[in-house]
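**Q** Listed here are the chains, written in short residue letters.
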Amino acid sequence: MAPSLPQFSAARMRSYIFRLPLFTRCIIFVIVLLWALGMQSVWDVQAWGALVPNEIGLASMYRTNTFPLVHVGFFHALMNVLALTPLLERFEAEYGTLTTLALFLGPLSTIPALLYTFIERGILGMNTTVLGASIWVFTLLAMEAVKTYKTNPNFLLGTTQIPTWITPLVMVLFVSFLIPNTSFLGHICGLAFGYGWGLGYLKFLAPPEWALRWIEGKLNLLGRLPHYVSVDQKTYGRFGVLPTTNPSSDSITTTSLLRRDPRLLKVPPYLSFLCIVIGVAWLLLLPLDDYSRGTYISENALLPGQVHTYFAGSDQNVFRGYKHEVDALGERSNVEVNDKLEELFKASGLKVARQKYEYKSAGETYEGENIYAILHAPRGDATEAIVLVGAWINVDGVLNRSGVALVLTLARYFKRWSLWSKDIIFLVTADSRAGPQAWVDAYHDTHQSPAIESLPVKSGALQGAVVIDYPFDHRFESLHIVYDGINGQLPNLDLLNTVVAIASGQMGIGASLQQMWQHTDSYQDRLKTMLRGMLNQGLGHASGPHSSFIPYHVDAITLQPYGEGWQDEMAMGRVIESTFRSLNNLLEHLHQSFFFYLLMQANRFVSIGTYLPSAMLVACNFTIMAIFLWVKSGSPLPTKTTVGSTAQSDEKAPPLAVIQEADAKAIVPEETLAVRERELFLPLAVVAGSQFLGVLPLYLFNHTSAPMFPAIFTLFTAFNTITPPLLSHLLTTTFHPTAQQYSLIKSFSLLLLGLFLSSLATLNFSLAFLVGLFSAPLTYMQPLPNRPIIAGILALLLTALAPTTVLFAGAQYWGLGIGEVLKEAAFGWDVWGMNTQVVVWCVWWPAWVIGMVSLWGRPREEVES
Amino acid sequence: MSIDRRKATIFGAAAAVRVLLFTAFPGLPDLLTARVEVSTPVTSFKRLQEGLFLYNHNVSPYDGGVYHQAPILLPLFSLLPSSAEYPAFTYLLYILVDLLSANALMKIAESGEAGSSKLYTSPRKDKKWSSYAIAAAFLFNPFTIATCVGRPTSVFTTCAIILAISKAVIGSSYASMFALSIASYLSMYPILLFPPLALLCYDRRPKSPQPTSIYTSVLQNILAVGGFIPFLLYMSSLITGSWEFLESTYGVQLLLPDLTPNVGLWWYFFIEMFDSFRSFFLGVFWIHLSSYVFGLTIRVRRQPLIVLTVLLGIFAIFKPYPSISDTSLFIALLPLYRHVFPLMRYSFLASSTILYATLLGPAFYYLWIYAGSGNANFFYAITLVWSLGLSLLVADILFAVLRDELEVERPEMKGKEIRQI
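Respectively, the protein sequence lines represent chains P and Z. Numbering-wise (the numbering used here), the first sequence opens with residue 1 and increments by one. Numbering-wise (the numbering used here), the second sequence opens with residue 1 and increments by one.
By construction, these hints were calculated from the structure, which means they are not laboratory data. Where hints are given, some of them may not hold.
Said to hold, decoys possible - Listed next, the in silico EDC-like pairs over lysine to aspartate or glutamate satisfying Cα-Cα at most 20 Å (straight line):
{"no.": "1", "chain 1": "P", "residue 1": "LYS203", "chain 2": "P", "residue 2": "GLU94"}
{"no.": "2", "chain 1": "P", "residue 1": "LYS458", "chain 2": "P", "residue 2": "GLU364"}
{"no.": "3", "chain 1": "Z", "residue 1": "LYS125", "chain 2": "P", "residue 2": "GLU679"}
{"no.": "4", "chain 1": "Z", "residue 1": "LYS414", "chain 2": "P", "residue 2": "GLU677"}
{"no.": "5", "chain 1": "Z", "residue 1": "LYS128", "chain 2": "P", "residue 2": "GLU677"}
{"no.": "6", "chain 1": "Z", "residue 1": "LYS46", "chain 2": "Z", "residue 2": "GLU110"}
{"no.": "7", "chain 1": "Z", "residue 1": "LYS128", "chain 2": "P", "residue 2": "GLU679"}
Claimed, not checked - To give an idea of the chain P side of the interface with chain Z (calculated C-beta under 8 Å), a few residues:
{"no.": "8", "residue": "LEU199"}
{"no.": "9", "residue": "TYR366"}
{"no.": "10", "residue": "GLN489"}
{"no.": "11", "residue": "GLN592"}
{"no.": "12", "residue": "PHE595"}
{"no.": "13", "residue": "PHE596"}
{"no.": "14", "residue": "MET708"}
{"no.": "15", "residue": "PHE756"}
{"no.": "16", "residue": "SER759"}
{"no.": "17", "residue": "THR762"}
As the list claims (entries may be wrong) - Computed far set for chain Z versus chain P, every beta-carbon distance over 12 Å:
{"no.": "18", "residue": "SER352"}
{"no.": "19", "residue": "TYR356"}
{"no.": "20", "residue": "SER373"}
{"no.": "21", "residue": "GLY374"}
In this text, all values refer to a predicted model and were calculated from it rather than measured experimentally. No residue lacks a Cβ here, since even glycine has one placed at the ideal position from N, Cα and C.
Hey, can you work out the whole structure from these sequences and the hints?
**A** This is the structure:
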């Protein structure tokens with residue numbers, strides 16, 4: 001027989017474990033039991049059972065029998081069990097259970113133990129404790145080696161002939177070299193006994209066979225004990241029964257047993273459902289204390305709140321003066337405002353520049369002029385800069401009266417200090433949406449000139465940006481921090497932590513997030529904050545002037561004072577001063593802390609490692625289903641039920657019947673193994689076609705003018721409702737797809753969806769999670785030609801989860817017109833480079849269309865050719 | 001000869017797609033040129049522009065240490081109008097090269113070499129795709145299109161390799177060797193394709209009255225390549241005026257001084273390497289790459305074309321500066337083996353792995369380079385996945401072909417599970 005390397009096969013492994021003989025099982029059980037006992041602290045099993053040479057006396061002779069059963073730790077026990085089991089099983093199968101019992105509880109452990117004790121204590125004069133079944137392993141190995149030596153004396157290594165009996169010796173050496181704390185002497189003693197036994201010198205130690213046979217016969221052990229191996233080799237055979245399984249059939253069924261098990265093919269739908277459930281549950285667990293962490297400052301250079309702030313006193317008068325100026329300018333045109341602001345900045349001794357911009361989106365024009373002033377750092381070399389932004393009009397369209405006044409005051413105040421090592425740029429943008437984007441684009445030279453002017457004056461690399469949004473002139477209670485960037489990108493967590501630490505720690509001002517004006521630190525409030533954050537990031541829009549900075553890797557946040565309290569504008573100014581002092585300390589760009597996080601309170605967050613699995617699980621569900629459908633589409637048509645049963649039955653009767661027919665032998669495996677040829681072209685074409693179809697709404701909604709939006713949306717919704725049944729009908733009448741092709745269509749579509757979502761999850765977790773959740777039902781859509789009612793209900797459900805419906809429902813929920821939402825989206829696409837639309841129309845919508853098409857599908861009857 | 005309408009349709013559509021991409025998205029060519037997946041230090045179009053600029057100003061193009069491509073490209077591209085002002089000519093050249101490759105690919109498909117070579121005929125050979133489908137699969141492969149739009153010079157190598165094979169299958173061994181010499185001259189690694197290509201030439205040699213021995217044939221081929229390459233090199237030295245181009249082109253391929261990230265496995269490994277081990281591992285990597293050649297040539301002696309296909313797949317994984325252009329070449333040759341596809345076992349796994357890597361690669365590169373929230377390990381992990389997917393595909397097609405051969409040798413094994421040991 002040609003030698004073959006053993007291959008791992010789960011089925012064979014299982015059957016091997018089920019066939020382990022009795023004594024081997026007992027030994028494994030005892031070893032495991034003693035290991036488990038060793039874990040408690042009341043009774044020291046190891047001290048009790050170990051072979052300690054100095055303690056061997058008549059009373060403690062039991063140690064020579066117990067030491068192989070006791071182990072030091074889990075790995076010690078595991079390794080020894082793994083090594084011992086096959087060897088012991090062979091020995092038992094050869095000599096019978098009774099003999100093995102007698103030998104292993106007697107001479108096989110005692111004699112090597114005594115030998116060891118004699119050498120260790122008597123000759124070497126040492127006292128090394130030994131433990132563990134490895135001594136048996138080597139005894140058995142030596143026996144095997146001698147046996148091999150008799151049939152196959154040498155093996156060749158190059159040209160040298162090496163006797164096979166050496167191998168255990170080599171192994172002892174290896175083990176003693178490679179594994180720490182192994183007893184070389186103990187192993188050698190084991191080996192010595194093994195060689196002795198193998199060569200026949202110690203056979204006399206075995207109990208006489210007639211006695212054992214008498215016991216066996218009297219007690220009817222063979223009948224009573226399961227897995228018992230008889231002493232008698234001739235009468236009944238080893239196991240009392242003739243082997244029933246034909247080895248050739250075994251080799252066919254076992255390897256494919258797991259893959260072909262019909263039960264296994266039922267698992268994936270449940271598994272993918274489980275993925276969704278766990279994914280959602282995972283997310284809901286995050287606000288708990290055990291899964292979220294308190295925030296902390298990673299970048300030590302920041303030293304938040306360590307400096308004394310001096311922004312107070314006479315600066316308040318300056319602030320009031322500036323506020324009067326700003327109020328006076330309130331209704332003036334952009335250019336007039338900037339003329340005055342330029343004058344004010346120049347009066348503070350700063351270099352001033354302006355930038356005009358003009359964006360066109362959805363048929364409307366957004367134009368304005370930004371003005372900014374640069375404070376050159378007295379201690380810097382103009383390679384780095386920090387930005388203080390105050391938009392003239394804030395996000396809600398209100399005049400940012402105290403905010404701009406504060407920027408002007410701070411500009412004047414900062415100019416007086418000589419400690420700045422980074423340039424400070426004071427930027428007043430004309431609005432909060434297009435202006436900052438125009439300025440940042442131009443700062444990094446990625447703007448579209450001439451619609452957006454280039455910046456006449458620049459400074460160094462931007463290290464951070466803080467936006468003040470302070471539209472009212474009364475005192476405030478707390479700070480609201482807005483941190484979401486475009487496309488769900490976030491600033492480094494350290495920036496947020498710094499502001500929170502300064503506001504709450506140094507100034508005693510509370511900080512809140514995501515418009516949670518009341519936060520009681522309860523589970524609900526945390527979850528709400530987190531979900532609001534996820535929604536903002538999922539939508540990917542700009543939530544403030546700071547959002548435009550984040551895609552350029554400039555960490556930025558917006559600070560909005562809110563509420564009625566006793567904090568005045570000077571407190572706000574001091575928060576900014578202290579934040580700038582911290583940013584001024586930075587030695588390198590913020591990089592220490594997290595860029596991917598979900599905040600559930602101003603000082604509590606989860607990092608990407610903790611939350612990413614939930615989106616990945618949701619995306620995984622699609623992939624699992626895709627793989628399952630692929631495998632299913634390749635499995636043979638269910639014409640013969642016998643195919644399944646042959647695979648299952650390794651203990652039952654059927655295999656004999658099937659396999660013993662000489663000719664059928666070749667046919668049966670062929671059928672089970674054959675993979676049906678898949679017809680790929682149509683499915684690929686359909687999926688590719690629907691992906692390309694997604695460009696249509698993407699183009700439509702980004703290139704029409706704003707007044708048309710409601711009408712176009714209605715038209716598109718109608719199109720969206722009619723298309724899938726129509727497409728499905730067209731598909732059925734022209735191509736007559738088979739069930740296989742339908743499942744391949746679905747498989748490819750889900751594969752792509754899973755693919756896109758898992759990639760997206762690394763870029764914008766929230767969007768991936770939301771889209772994954774909305775399209776989760778697509779996993780379970782399949783043609784139901786014979787159940788029109790269920791199909792109808794499912795179609796309704798799917799329609800309720802269509803991108804258009806979700807869009808409409810969302811708009812209704814926030815009380816916005818659909819036209820407004822689409823206009824905002826088009827603005828985001830044209831100005832901010834927002835790509836949520838791409839995901840919705842080119843990832844989600846095509847998958848939805850395919851789901852709907854396959855729901856309406858009518859597979860052709862398949863006939864086996 | 002009447003115009004082949006189907007071919008004209010396919011070629012026309014392929015050209016139209018490319019023209020559309022070039023004209024409708026004017027930013028796309030430059031975007032793709034800057035992508036590390038498309039352009040490598042030894043094929044980048046941007047670097048070619050740099051070399052061209054130096055060349056046109058009578059400075060040695062290799063002086064800046066930026067240009068690492070073959071000198072012969074310089075006069076070729078300086079003949080064209082400047083690509084900055086009249087990009088259309090460059091676009092047309094690249095489209096033409098793609099069509100030329102597709103044409104040669106069709107010739108290979110029509111020869112039927114994949115299904116039945118001189119020494120072996122597959123029982124499944126009737127199940128094949130038409131040469132049109134194979135050309136279409138090549139021309140509309142997104143990797144091929146991206147390569148064409150990104151304009152790396154590797155397309156010339158690709159074209160030369162496909163031409164060499166297409167000449168070999170019709171038995172014109174000198175033309176084939178000439179094409180191989182050009183490919184090797186441009187990118188060096190194709191010289192490793194010599195053994196299977198020479199065998200292919202020998203197998204498909206035209207019938208002549210007196211039998212040629214295999215040794216004579218191979219010797220002739222060696223002499224041919226040995227003549228062409230020094231000729232090309234000498235021409236190059238005349239063009240650039242010195243022999244320093246050898247160090248800047250082949251030296252860079254051999255010694256890997258430029259560690260710009262790419263889809264291959266070398267760059268990260270050599271970034272991490274201590275300098276003292278560098279030369280040793282360079283040797284190891286190159287020996288590993290070339291060790292496949294003779295083994296495969298001998299093992300699958302009866303089907304030299306599959307050896308070429310598998311080798312191209314291996315090069316796409318293990319060469320020093322691989323790009324998706326190499327992958328597209330390997331994928332172009334795969335459909336010739338349509339008849340063994342049913343024997344492949346991991347086609348779905350391999351293709352989804354490659355798809356995943358295709359999407360995640362740019363995403364992780366973005367996180368690393370632009371967003372700053374990831375690091376080099378992100379991208380390298382994905383290149384590992386990419387290589388894993390490709391190697392699955394390579395191993396699987398080889399398995400399928402061997403299995404096909406086995407079933408001819410031992411018909412009783414048909415349909416049974418086979419263990420590889």
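**Q** Does each hint fit the structure? Answer for all of them.
**A** Tested hints:
1. With a C-alpha separation of about 14 Å, the suggested pair P:LYS203 and P:GLU94 falls inside the 20 Å cut-off, and the hint holds.
2. Taking the CA atoms of P:LYS458 and P:GLU364, the gap is near 30 Å; set against the 20 Å cutoff, the hint is violated.
3. A threshold of 20 Å between alpha carbons decides the hint, and for Z:LYS125 with P:GLU679 the separation of about 18 Å falls inside it, so the pair holds.
4. Under the criterion of a C-alpha separation no larger than 20 Å, the hint pairing Z:LYS414 with P:GLU677 is consistent with the structure, at around 16 Å.
5. For the proposed pair Z:LYS128 and P:GLU677, the alpha carbon gap of about 14 Å is at most 20 Å, so the pair holds.
6. Between the alpha carbons of Z:LYS46 and Z:GLU110 the distance comes to roughly 37 Å, so the proposed pair goes past 20 Å and is violated.
7. Restraint check for Z:LYS128 and P:GLU679: satisfied, since their Cα atoms lie roughly 14 Å apart, inside the 20 Å limit.
8. This hint is violated: P:LEU199 has a C-beta 34 Å from the nearest C-beta of chain Z, more than the 8 Å allowed.
9. Because the beta carbon of P:TYR366 sits about 23 Å from the nearest beta carbon in chain Z, more than 8 Å, this interface hint is broken.
10. Proximity of P:GLN489 to chain Z holds as hinted, the smallest CB-CB distance being about 7 Å (cut-off 8 Å).
11. Against a cut-off of 8 Å between C-beta atoms, the interface hint on P:GLN592 is violated, since the closest Cβ of chain Z lies about 12 Å away.
12. Contact between P:PHE595 and chain Z, as hinted, is supported at the beta carbon level, the nearest pair being about 3 Å apart and thus within 8 Å.
13. Restraint check, P:PHE596 versus chain Z: the minimum CB separation of about 6 Å is within 8 Å; hint holds.
14. Proximity of P:MET708 to chain Z is violated relative to the hint, the smallest CB-CB distance being about 24 Å (cut-off 8 Å).
15. Using the Cβ-Cβ criterion of 8 Å, the hint placing P:PHE756 at the interface with chain Z is satisfied: the shortest such distance is roughly 7 Å.
16. Among the interface hints, the one on P:SER759 holds; its C-beta lies about 4 Å from the nearest C-beta in chain Z, closer than the 8 Å criterion.
17. For P:THR762, the suggested interface contact is upheld, since its CB lies about 6 Å from the closest CB of chain Z, less than 8 Å.
18. Look at Z:SER352: its CB is around 6 Å from the nearest CB on chain P, not clear of 12 Å, so calling it non-interface is violated.
19. For Z:TYR356, the non-interface assignment is contradicted: its Cβ lies about 6 Å from the closest Cβ of chain P, within the 12 Å cut-off.
20. With 12 Å as the threshold on Cβ separation, the claim that Z:SER373 sits away from chain P is violated: the shortest Cβ distance comes to roughly 3 Å.
21. With a closest Cβ-Cβ approach of about 8 Å to chain P, Z:GLY374 is found to fall inside the 12 Å limit, against its non-interface label.
When held up to the earlier numbered hints, the structure conflicts with 2, 6, 8, 9, 11, 14, 18, 19, 20, 21 and fits the remainder.
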